[in-house]
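If you want the building blocks of each chain, they are given just below.
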Amino acid sequence: MAMTLAEKIIARAAGRERVAPGEIVTCAVDLAMIHDSGGPRRVQPLLDKLGVGLWDPAKVVLISDHYVPANDAETRRIGEVTRAFAAQNPLAGFYDGEGICHVVLPERGHLKPGMLVVGGDSHSPTGGAFGAYMFGVGATEMAGVLATGEIWLAVPETILIEWSGHFGEGVVAKDAMLFLCGRMGMEGGRGQAVQYAGEAIRALPMQERMTLANMTAELGGQTGLIAPDATTAAYLRAAGADPGDSSRWQDAGAIDAAEHHRFDAGALAPQVAAPHSPANAAAVGDYEPTAIDVAYVGACTGAKLVDLRMAAAVLRGRKVASGVSLMVAPASRRDQDAAAAEGVMAILEEAGARFFPNACGICAGYGGTLAENTTCISSTARNFKGRMGAASAKVYLGSPYTVAASAVVGRIADPRPLLAEGGRA
Amino acid sequence: MSGRAFVFGDAIDTDVLAPGIYMKEPIAVLAQHCLEAVDPSFATGVRPGDVVVAGKSFGIGSSREQAAQALKELGVATVLAQSFGTIFYRNALNLGLPVLVCADTARIRAGDRVSVDAASGLVRNETTGEELRAQPLPDFLLAMIADGGLVPHLEKRFAARRAR
Ligand code: SF4
Numbered sequence: 001m002a003m004t005l006a007e008k009i010i011a012r013a014a015g016r017e018r019v020a021p022g023e024i025v026t027c028a029v030d031l032a033m034i035h036d037s038g039g040p041r042r043v044q045p046l047l048d049k050l051g052v053g054l055w056d057p058a059k060v061v062l063i064s065d066h067y068v069p070a071n072d073a074e075t076r077r078i079g080e081v082t083r084a085f086a087a088q089n090p091l092a093g094f095y096d097g098e099g100i101c102h103v104v105l106p107e108r109g110h111l112k113p114g115m116l117v118v119g120g121d122s123h124s125p126t127g128g129a130f131g132a133y134m135f136g137v138g139a140t141e142m143a144g145v146l147a148t149g150e151i152w153l154a155v156p157e158t159i160l161i162e163w164s165g166h167f168g169e170g171v172v173a174k175d176a177m178l179f180l181c182g183r184m185g186m187e188g189g190r191g192q193a194v195q196y197a198g199e200a201i202r203a204l205p206m207q208e209r210m211t212l213a214n215m216t217a218e219l220g221g222q223t224g225l226i227a228p229d230a231t232t233a234a235y236l237r238a239a240g241a242d243p244g245d246s247s248r249w250q251d252a253g254a255i256d257a258a259e260h261h262r263f264d265a266g267a268l269a270p271q272v273a274a275p276h277s278p279a280n281a282a283a284v285g286d287y288e289p290t291a292i293d294v295a296y297v298g299a300c301t302g303a304k305l306v307d308l309r310m311a312a313a314v315l316r317g318r319k320v321a322s323g324v325s326l327m328v329a330p331a332s333r334r335d336q337d338a339a340a341a342e343g344v345m346a347i348l349e350e351a352g353a354r355f356f357p358n359a360c361g362i363c364a365g366y367g368g369t370l371a372e373n374t375t376c377i378s379s380t381a382r383n384f385k386g387r388m389g390a391a392s393a394k395v396y397l398g399s400p401y402t403v404a405a406s407a408v409v410g411r412i413a414d415p416r417p418l419l420a421e422g423g424r425a
Numbered sequence: 001m002s003g004r005a006f007v008f009g010d011a012i013d014t015d016v017l018a019p020g021i022y023m024k025e026p027i028a029v030l031a032q033h034c035l036e037a038v039d040p041s042f043a044t045g046v047r048p049g050d051v052v053v054a055g056k057s058f059g060i061g062s063s064r065e066q067a068a069q070a071l072k073e074l075g076v077a078t079v080l081a082q083s084f085g086t087i088f089y090r091n092a093l094n095l096g097l098p099v100l101v102c103a104d105t106a107r108i109r110a111g112d113r114v115s116v117d118a119a120s121g122l123v124r125n126e127t128t129g130e131e132l133r134a135q136p137l138p139d140f141l142l143a144m145i146a147d148g149g150l151v152p153h154l155e156k157r158f159a160a161r162r163a164r
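Which chain is which? The protein sequence lines are H and S, in order. Position 67 (the first sequence) corresponds to 67 in this note's numbering; numbering is contiguous. Position 42 (the second sequence) corresponds to 42 in this note's numbering; numbering is contiguous.
Since the hints were derived computationally from the structure, they do not count as laboratory data. Each hint should be verified, as a subset may be incorrect.
Distance windows between CB atoms, simulated [to be verified]:
1. ASP56(H) / GLY129(S): 48 to 58 Å
2. SER41(S) / ASP96(H): 46 to 56 Å
3. SER164(H) / GLY20(S): 51 to 61 Å
4. SER325(H) / GLY121(S): 53 to 63 Å
5. ASP15(S) / PRO417(H): 58 to 68 Å
6. PHE355(H) / ASP147(S): 47 to 57 Å
7. LYS56(S) / ASP286(H): 30 to 40 Å
Glycine included, every Cβ here is placed at the ideal spot set by N, Cα and C.
My request is simple: use the sequences and hints to build the entire structure.
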């Protein structure tokens, strides 16, 4: 059988004809992405200790998203250290307050199919949506990558997850991933490569594919891959990147996967994960009586342009329930501008949303965090205890549709009846 | 060189290796609680050169490096398991602790004397006389482990480059 996409990319990066799961190889890194939290302030001391600079600044992208905007002495210092690093190195890109790293990186055309990319953040599997082998490492390994341009890898097994049919109205990538977390658990990906395939996946736009790949982190996979196709090429062109010839990375039929799971997209209901784990996922109906205080549309997982559109589809002509605070932090400035241009931001504003900067915000537990005993429904990826504020805060996870519907109803709600009713003019 | 085998089952997670409540303690203190949830006498009984033998998914769980650090602190020479949690596996090798995939760890009993050659993958059970196969580690990882892990290895590499 054919090599999996993960094996093909790793073999290319290792300069080998073939690789097999379990083999340990050294790969040349095509791109390294770092952010203000785990980046310069952590890697520069290690580089100084080694007495070296960057192996190739033209292959390094730096994005400030965790501690922006600065609001105290410490975050101002982090901002300075980050900007100094950008000033000292002719990087492939430095984006300061332009949005969340996993969204900005592809938006600015840095990702392409077949690349081997290392990210200094746990949601780095997001890049797998573009058919790039992107995975996360800690600061020590990142310093090694920045110094040498190399990283060793044990070739992973591939877990193939196939979604047949089509997702119904109001059911999206976020629901598919919460369902998988509930079904397979947070160790379900076993640190291996997860590859998503099937008719329902091919029908998804790039930003929805990014949500799938992103939450592979919650599923415990090293990366979450989707073979590139015409949708990928169109996105890259729009981002100003030359898609080139990606036929080598496209779906080539049967692959040698260690596990093969099949699901019917048409049978999936909107999913909600209860506190304090994405693995506590069940159909939204199971949690419907739960009253909420805060609805959050944010993060790389849940505040991209597609996500903002989902929230607007529910909120058009409706108001947020009294006593509920709807917080929206668009994932990037570009996505926010596009949403404004098409009237999405106005719909959200009229519904009563409050807007926050294009940054990680409360997803990183930074700035305007959740107060004691708050119950929140959030479009983010994780609901670990205390992550978004007080340890007593209860965070439920859902799609932007479900978060918006819950904001309108005042308790956790299935978005499908509201969508079927249509927006109120 | 051989050591005694300390045998564990499947899915030994990072919380068992580095219990959360001791995570703020120095590594020497944390290490005294390593594996205590499944074998309270492990930390006091294990001697430098001994070998940890386990089933599937050894080291699953969080990304905490202390899980591997604790084993190294106690002088564990090698971990043999049928499979590893991926992040633990990376952390262990990057910290200079040899961890080897071996399908036949069930053939080793607690207290057996075991010798492991990471370069060839040969595992010799000196108590039973049986020879088992583990997946060997490539030379570049052996060199990294010999230097004490990724950071000291890179320090040495760049120091040598500067000296030239
Ligand atoms: S938005 Fe949240 S999940 Fe995404 S990179 Fe920022 S902190 Fe991580």
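Against the structure, the hints:
| no. | hint | verdict |
| --- | --- | --- |
| 1 | ASP56(H) / GLY129(S): 48 to 58 Å | 52 Å, holds |
| 2 | SER41(S) / ASP96(H): 46 to 56 Å | 54 Å, holds |
| 3 | SER164(H) / GLY20(S): 51 to 61 Å | 41 Å, violated |
| 4 | SER325(H) / GLY121(S): 53 to 63 Å | 59 Å, holds |
| 5 | ASP15(S) / PRO417(H): 58 to 68 Å | 42 Å, violated |
| 6 | PHE355(H) / ASP147(S): 47 to 57 Å | 51 Å, holds |
| 7 | LYS56(S) / ASP286(H): 30 to 40 Å | 32 Å, holds |
Figure legend: structure checked against the earlier numbered hints; hints not met, in rising order: 3, 5.
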